[in-house]
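Enquirer: What follows is the residue order along each chain.
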Amino acid sequence: MSELSRRGFLGIGAVAAAGLSGLLTACSAEPAAPSGGSAATTLRAAFAGGGSAETLNYFVGPSALDFVRARLVHAPLGAIDPAQPDGVSLGALESIDIDDDLTSYTLRLREALTFSDGSPVTSDDLLYSLRAPDELQGLPFTRLVGRGFDLSAAKRLDARTVRLPTASPIADGRLLLCQSMLVIKDGTTEFSPRTPSCGPYLIEGFEAGQQTVLRRNPDWFGDGNGPDEIHLLSISDAEARVNALRGDAADFVSGVSPYSAQSLAEESGFEVSAGEAPYLSNLRFEMNLEHEPFRDERVRRAFRLAVDRQAVVDTVYFGRAAIGNDVPAIGFPSYDSSLEQRLHDPDEARRLLRAAGHDGMSVELTAGPELPGMVETATLIVENLREIGVRATLVELPAGQLYADYEAYQQLPFAAGYNPPAPFEANHTPGTFPEVDTLVATARSAPDAAQRTDASHRAQQLLWEQGNQIIPVFVPTVDAHTDRLSGVRHLQFPDLSAARLASA
Amino acid sequence: MTHFLLVRVGTALATMALLSAALFLATDALPGDAAGTAAGADATAGERAELRERLGLDRPVVERYLAWLGDSLTGDLGRSAAAGRPVGEMLASRFGSSVLLVATAVACIAVAATVLGLLAGLRSGRPVDRLVSSGTVTLLALPEFLLATALLAVFAHGAGLLPAVSLIPLGDSPWQHPQALVLPVASLFLAGVGIATRLLRAAVATAAESPAVEQARLSGERGPRLAWSYVLPAAAPAVQGLAVTTAGLLGGSLVVETLFNYPGVGSELARAVAYRDTAVVQGFGLALAGTALLVLLLGDLVSGLLDVRSRSASATGLRGERRLR
Numbered sequence: 001m002s003e004l005s006r007r008g009f010l011g012i013g014a015v016a017a018a019g020l021s022g023l024l025t026a027c028s029a030e031p032a033a034p035s036g037g038s039a040a041t042t043l044r045a046a047f048a049g050g051g052s053a054e055t056l057n058y059f060v061g062p063s064a065l066d067f068v069r070a071r072l073v074h075a076p077l078g079a080i081d082p083a084q085p086d087g088v089s090l091g092a093l094e095s096i097d098i099d100d101d102l103t104s105y106t107l108r109l110r111e112a113l114t115f116s117d118g119s120p121v122t123s124d125d126l127l128y129s130l131r132a133p134d135e136l137q138g139l140p141f142t143r144l145v146g147r148g149f150d151l152s153a154a155k156r157l158d159a160r161t162v163r164l165p166t167a168s169p170i171a172d173g174r175l176l177l178c179q180s181m182l183v184i185k186d187g188t189t190e191f192s193p194r195t196p197s198c199g200p201y202l203i204e205g206f207e208a209g210q211q212t213v214l215r216r217n218p219d220w221f222g223d224g225n226g227p228d229e230i231h232l233l234s235i236s237d238a239e240a241r242v243n244a245l246r247g248d249a250a251d252f253v254s255g256v257s258p259y260s261a262q263s264l265a266e267e268s269g270f271e272v273s274a275g276e277a278p279y280l281s282n283l284r285f286e287m288n289l290e291h292e293p294f295r296d297e298r299v300r301r302a303f304r305l306a307v308d309r310q311a312v313v314d315t316v317y318f319g320r321a322a323i324g325n326d327v328p329a330i331g332f333p334s335y336d337s338s339l340e341q342r343l344h345d346p347d348e349a350r351r352l353l354r355a356a357g358h359d360g361m362s363v364e365l366t367a368g369p370e371l372p373g374m375v376e377t378a379t380l381i382v383e384n385l386r387e388i389g390v391r392a393t394l395v396e397l398p399a400g401q402l403y404a405d406y407e408a409y410q411q412l413p414f415a416a417g418y419n420p421p422a423p424f425e426a427n428h429t430p431g432t433f434p435e436v437d438t439l440v441a442t443a444r445s446a447p448d449a450a451q452r453t454d455a456s457h458r459a460q461q462l463l464w465e466q467g468n469q470i471i472p473v474f475v476p477t478v479d480a481h482t483d484r485l486s487g488v489r490h491l492q493f494p495d496l497s498a499a500r501l502a503s504a
Numbered sequence: 001m002t003h004f005l006l007v008r009v010g011t012a013l014a015t016m017a018l019l020s021a022a023l024f025l026a027t028d029a030l031p032g033d034a035a036g037t038a039a040g041a042d043a044t045a046g047e048r049a050e051l052r053e054r055l056g057l058d059r060p061v062v063e064r065y066l067a068w069l070g071d072s073l074t075g076d077l078g079r080s081a082a083a084g085r086p087v088g089e090m091l092a093s094r095f096g097s098s099v100l101l102v103a104t105a106v107a108c109i110a111v112a113a114t115v116l117g118l119l120a121g122l123r124s125g126r127p128v129d130r131l132v133s134s135g136t137v138t139l140l141a142l143p144e145f146l147l148a149t150a151l152l153a154v155f156a157h158g159a160g161l162l163p164a165v166s167l168i169p170l171g172d173s174p175w176q177h178p179q180a181l182v183l184p185v186a187s188l189f190l191a192g193v194g195i196a197t198r199l200l201r202a203a204v205a206t207a208a209e210s211p212a213v214e215q216a217r218l219s220g221e222r223g224p225r226l227a228w229s230y231v232l233p234a235a236a237p238a239v240q241g242l243a244v245t246t247a248g249l250l251g252g253s254l255v256v257e258t259l260f261n262y263p264g265v266g267s268e269l270a271r272a273v274a275y276r277d278t279a280v281v282q283g284f285g286l287a288l289a290g291t292a293l294l295v296l297l298l299g300d301l302v303s304g305l306l307d308v309r310s311r312s313a314s315a316t317g318l319r320g321e322r323r324l325r
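If you're matching them up, the sequences are chains A and B in order. Under the working numbering, the first residue of the first sequence is numbered 1, with each subsequent residue one higher. Under the working numbering, the first residue of the second sequence is numbered 1, with each subsequent residue one higher.
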């Protein structure tokens, strides 16, 4: 008859503890992450992904990862490249020729391009690829070409050539064609790992929300120096992605928060890379002209002068952002860099507000975490506005809510927003300033290049003087990778096809 | 007993019906919809309207609720607004992983809470009770993300013993990669063990003063035998406490799954809410609510069966008499 024994209880506790620690030990012996063979190079790249809603059908896939994957699997027509004279570098296409009157484009496919089932890529496939975003009910961003061209009137000229009439004369059609258009096989409606494709990589395996395993396409026309395998990992949480990089479960992670980027940049073994112009999203704060005070051009100018842009770049983005000048599309060929940089001038802002009779006005700024640093920048802007006597308040929405009710969003008096990198003219939304709309139309359709540039610059000048957007910064996608990795190109999305991974 | 069973099952079904309506209406009342999120900022008004019509978001709410309820009863939970994948298929690929995670954590919690609850409850007010109680209260006060972050810092970043993210190779299940389970399970364990221990300790302290236990003690029972054979059965209503903890962990795994990138329903639900993917939120919500109700029902039934107060007095009485002889 022992007394209620402490040892007895400790015994049970010890068994439980031993079980847990046994599990711990058993686990730590196994490798932390899947890896490829010893000779083959495998790049493990982590993106936010879209959970189990991810899809190989990139027309409806909502996440950046769906498009990153699609660009590796299906050959792009080209890519926007401001270093080239035409503003684009070509991929599956050999040439894009424009008629002098800007009413028709001639697209010619590269020779000896084949699908993974061995069939050649023909003009029928190209025609189908151009029409597929509309026919397969793609998301709006995939349907840019359909807005500028008359796809139903497109014609096959020969086995590799297609003639594509425009809806109305446009000069910037190359940019539209090369922004998001990929080549798929004629008649493709279902997208599975077995769907024939003609990109630099082929799909070995795919599980939505978890992983895609890609293997290099031996028939790809490119230099073929990329990794033998690319594993695209879906890790939705930004901190978890950084943890994966630190824990050697990933070699490359996309979409790192400004703060994590700063701390990774100071650690050894990692490198941080940020996209450069033109691949920068514009973070904009729109003053709704339906809101009475903003109808006065002086109020709009006062708000723009109140913002301390350099402070945003320095404190929110730790320098990894480009200063904005209230005009969109920095880095694109037609961007007017001769416009004077607007500076922080609170005194002039106060004077303008007083002159307009809106001294001490109230305003509510609405923002949400849709782009890294959006809420932080909005917070700074609210502070800046208070300094000039505006009674400004910040309404912070939870993730995903800002654009979810677009009609409500458009009614907001003062709201944050962003646009992914895209040329100014083709993505201009008309209806706010008729004069700007006319100039943009001329900038897209005038037969003479100098005329087009002139019209575009005049439109930008007007927006700079009277516009209703504050664009304090252009924000890059910030990625981080191990220092063994090189050759990742920063396009609209990271391009991994030419990445190189040194052995450990 | 049959009456008790019928009443409990009936209540559970009625609760489920109410929950389904509340879930549908609440998700529907959220500002905005998937059409707005999917279209992005550069879409035209026409493109938005077309997307809304295609997703069926232009029909009246009652009509959509009834259609959804009818389809749900036949096992069709609709399609994700994000890419058109059937919600049932998405649920099937994720639910098992979450059940594995929560069940493992609950098994560990049950063992630890029993040991700690008996230890503290039988020595109510003494140093060991104060130690266990302050420990569990501390755990209760710590939010899950803090516990998970601390575990990450120590075991993944510090010691490098365990992976910081649960990456499961293609085609495998999490149970084939126990190393991916350890930190998520440990986080849930720490999040749930506090409340479960508190509930068990209270039940044990009450049971320890019950006549049955008193009688056993008087007849010479001591130590683990007293605890195991007399106190624990008398503290059986605490099973309900474990059921409540389990139901809580089902929903609470959201933070842990997101932080460790564990492929379960929690992380998926978080994404669906952000994306206004109402079909997924409703389908996953319904499955989680159904599972929670089932666990609570089982907890009620088991504690009803185990509760010595509902048993005939003869069993314990006889044992007591044998001891006395």
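FYI, nobody ran anything at the bench for these hints, they're computed from the structure. Mixed in with the good hints, there may be bad ones.
[Unchecked claim] Partial chain B-side listing against chain A, Cβ under 8 Å, derived:
| hint | residue |
| --- | --- |
| 1 | Gly78 |
| 2 | Pro163 |
| 3 | Leu167 |
| 4 | Ile168 |
| 5 | Ser173 |
| 6 | Gln176 |
[Stated by the list, open to error] What the simulated footprint calls covered on chain A by chain B, stretch by stretch (three residues with Cβ under 8 Å from a Cβ of chain B suffice, anywhere in the stretch; the number is not a length):
| hint | stretch |
| --- | --- |
| 7 | 204-215 |
| 8 | 345-355 |
| 9 | 391-404 |
Note that beta-carbon positions come from the ideal geometry of N, C-alpha and C, so glycine has one too.
Enquirer: Hint by hint, where does the structure go against what was stated? Just the numbers, ascending.
Expert: 1, 5, 6 and 8
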